[in-house]
Amino acid sequence: MDKVNFKKGLEKELAARLNFQQDVKGRALAAIRDKEKKRSFMMQRMLSAAVFTVMASSLFLFIYSEMHSKEDLLKVKSAANQMAGESYVYRDTDFGFTLELPSYMRNKLRTFDSANGRKFFFHSADGMSLPLFNIDIYKKGSRDDPSLKGRILIAETEKYAYFASDIKTGIQSLKGEIAGKQVQIAERFAVDFPAALAAFQPAADDEVKIWTKGLSDFRVESQAAVDMAWTSLDKEFQAEDFEAFFAVTKEQYLAPNSRSSLESAKEKAMADFQRREESFMKHEIIDVTPFEVNQIEVKMIAEIKSSITDRTPEEIKKKQNVKSEPSKYLATYELRNGEWIKTGWKKLS
Amino acid sequence: LQASHSIKLSAEMPDIETIMDLYGEDILHIIYCYVHDKALAEDLAQEVFLTVYLKLASFKEHSSLKTWITRIAINKCKDHLRTNYIKKTWLSNVMHGFLKETKPSAEEDCMVKDRGEGLLQAVIGLPVKYREAIILYYYQEFTVKEISSLLGMNEATVKSRLKRGREKLKNKIEKEELL
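These protein sequence lines map, in sequence, to chains A and B.
This note's numbering applies: residue 1 is where the first sequence begins, and numbers increase by one.
This note's numbering applies: residue 350 is where the second sequence begins, and numbers increase by one.
No wet-lab data here; the hints were simulated from the structure.
Take these hints with a grain of salt, some might be off.
[Said to hold, decoys possible] Taking CB as the label site, the calculated pair distances span: (1) A/Asp-34 - B/Leu-414: 38 to 46 Å; (2) B/Ser-413 - A/Phe-62: 32 to 40 Å; (3) B/Lys-404 - A/Ala-198: 25 to 33 Å; (4) A/Gln-44 - B/Asn-520: 56 to 64 Å; (5) A/Arg-45 - B/Thr-416: 31 to 39 Å; (6) A/Lys-8 - B/Leu-430: 23 to 31 Å; (7) A/Arg-27 - B/Arg-431: 20 to 28 Å; (8) A/Ser-57 - B/Arg-431: 44 to 52 Å; (9) A/Arg-45 - B/Thr-506: 21 to 29 Å; (10) B/Ser-412 - A/Leu-59: 31 to 39 Å.
[Stated by the list, open to error] Listed below are the simulated EDC-like cross-link pairs for lysine to aspartate or glutamate, each with C-alpha atoms no more than 16 Å apart in a straight line: (11) A/Lys-12 - B/Glu-366; (12) B/Lys-387 - A/Asp-166; (13) A/Lys-7 - B/Glu-391; (14) B/Lys-404 - B/Glu-366; (15) B/Lys-387 - A/Glu-13; (16) B/Lys-519 - A/Asp-23; (17) B/Lys-415 - B/Glu-516; (18) A/Lys-3 - B/Glu-366; (19) B/Lys-512 - A/Asp-2; (20) A/Lys-8 - B/Glu-410; (21) B/Lys-415 - B/Asp-375.
C-beta atoms are modelled at their ideal positions from N, C-alpha and C, and glycine is treated no differently.
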């Protein structure tokens, strides 16, 4: 039997016995469809399980992060400070905010109250406490003006804005007061200061005690300091300069025996005074608002109305309707040896 | 998968139904020659095409599609024969006496010959190792090289088995004709 006949003969016999199209194909296709359905069902179940897992994980993570957000944040941020060594968390008792500070500053910082936050003083080895930096809190929309030079916004909440003062200014003032080694510590801290500010965490708005405590309470506590500062400020602007100047010019211009010359000298003096208008000013303090007050330092916003004095009736008449706009000054006084000493006077507007 | 023609495998590949149309009969015949049981051959053929459908994405085209499907079919058959060897051995021992008595009568042999099933019976009567070589070479028309690849043996062995298979088959057919 040759190959062709063998194939034909065998094919004939197998074809008579077996029919793939009739007996197998339909079943095979049904099996494939069934398998495909199962696979699709499994995929759906796996997808559903995956979605469920993701949702459950998200929910868990959300709850977990809500419960541990503050701690986690501090932990994460502590990494920055740990680069520079050990750190500790300063939690402000009144304002509730936290700062992560390097350990080497633990015994180097003294804090004092402030109307708008906390003042941090560098406590040197020889017992001196010198201002280093401030954390100031301003209620949004209040009349206080936080836009002072050297302050940077470090955090904002719905109600409050938190500012930090420039530590470099503080260190500059330290340099003349304390020993070099102490300054080096402060300068080292200046390097770590941005990380401390990065770890700054404000308290929830309703936990900021200063506002529940109220400014009135605070003012009562510091009333004496304000009064003293007021008196000092008042004295500062008694037109003393004018009186002294007038006395000098009087001697210079007034002839002892000539009324006319007296008048002319006065007129000349007045002319001079007019050129130096500042000398004619009488400063009237119309309002002083405590800005930052504590036991050793007072800052006030002084609203001062300046008016021209000692004019001829004509001049007064002529210029009486001209009113000077009140000016605002930031006055700073420090309590040194029991006396308030003016350390800063700056026109704000 | 409402319609069978929707079972499309890829842009390049024919869909599974077309594959079945092309190779279904041949595969079923090969399987039958291995297992010599119609129902079992149909079940195994169904399994083969299910496997083809599931694995077609992994088909690398190192060989022809027919060779690939044939290899799947041979593996299925051999798996089946292996797993059923113990059962078959036990069954053959237990049923030996009964089977002897149920040997086809001369009348039944004539009926088989009338149906033209002598050749198939002769082929199926060959030992598997010769049977598969004969079927693949003479019936499926694979080359010796292809068969060596399909069966995982060298070409000389294939040739040797073909030679021995031919001799055995010739003897069988001649013996049947004498009867």
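To see whether the hints hold, each was checked on the structure:
no. : hint                              : result
1   : A/Asp-34 - B/Leu-414: 38 to 46 Å  : violated, 24 Å
2   : B/Ser-413 - A/Phe-62: 32 to 40 Å  : violated, 57 Å
3   : B/Lys-404 - A/Ala-198: 25 to 33 Å : violated, 57 Å
4   : A/Gln-44 - B/Asn-520: 56 to 64 Å  : holds, 60 Å
5   : A/Arg-45 - B/Thr-416: 31 to 39 Å  : holds, 37 Å
6   : A/Lys-8 - B/Leu-430: 23 to 31 Å   : holds, 28 Å
7   : A/Arg-27 - B/Arg-431: 20 to 28 Å  : holds, 24 Å
8   : A/Ser-57 - B/Arg-431: 44 to 52 Å  : holds, 47 Å
9   : A/Arg-45 - B/Thr-506: 21 to 29 Å  : violated, 49 Å
10  : B/Ser-412 - A/Leu-59: 31 to 39 Å  : violated, 53 Å
11  : A/Lys-12 - B/Glu-366              : violated, 24 Å
12  : B/Lys-387 - A/Asp-166             : violated, 95 Å
13  : A/Lys-7 - B/Glu-391               : violated, 21 Å
14  : B/Lys-404 - B/Glu-366             : holds, 15 Å
15  : B/Lys-387 - A/Glu-13              : holds, 13 Å
16  : B/Lys-519 - A/Asp-23              : violated, 32 Å
17  : B/Lys-415 - B/Glu-516             : violated, 28 Å
18  : A/Lys-3 - B/Glu-366               : violated, 30 Å
19  : B/Lys-512 - A/Asp-2               : holds, 14 Å
20  : A/Lys-8 - B/Glu-410               : violated, 30 Å
21  : B/Lys-415 - B/Asp-375             : holds, 9 Å
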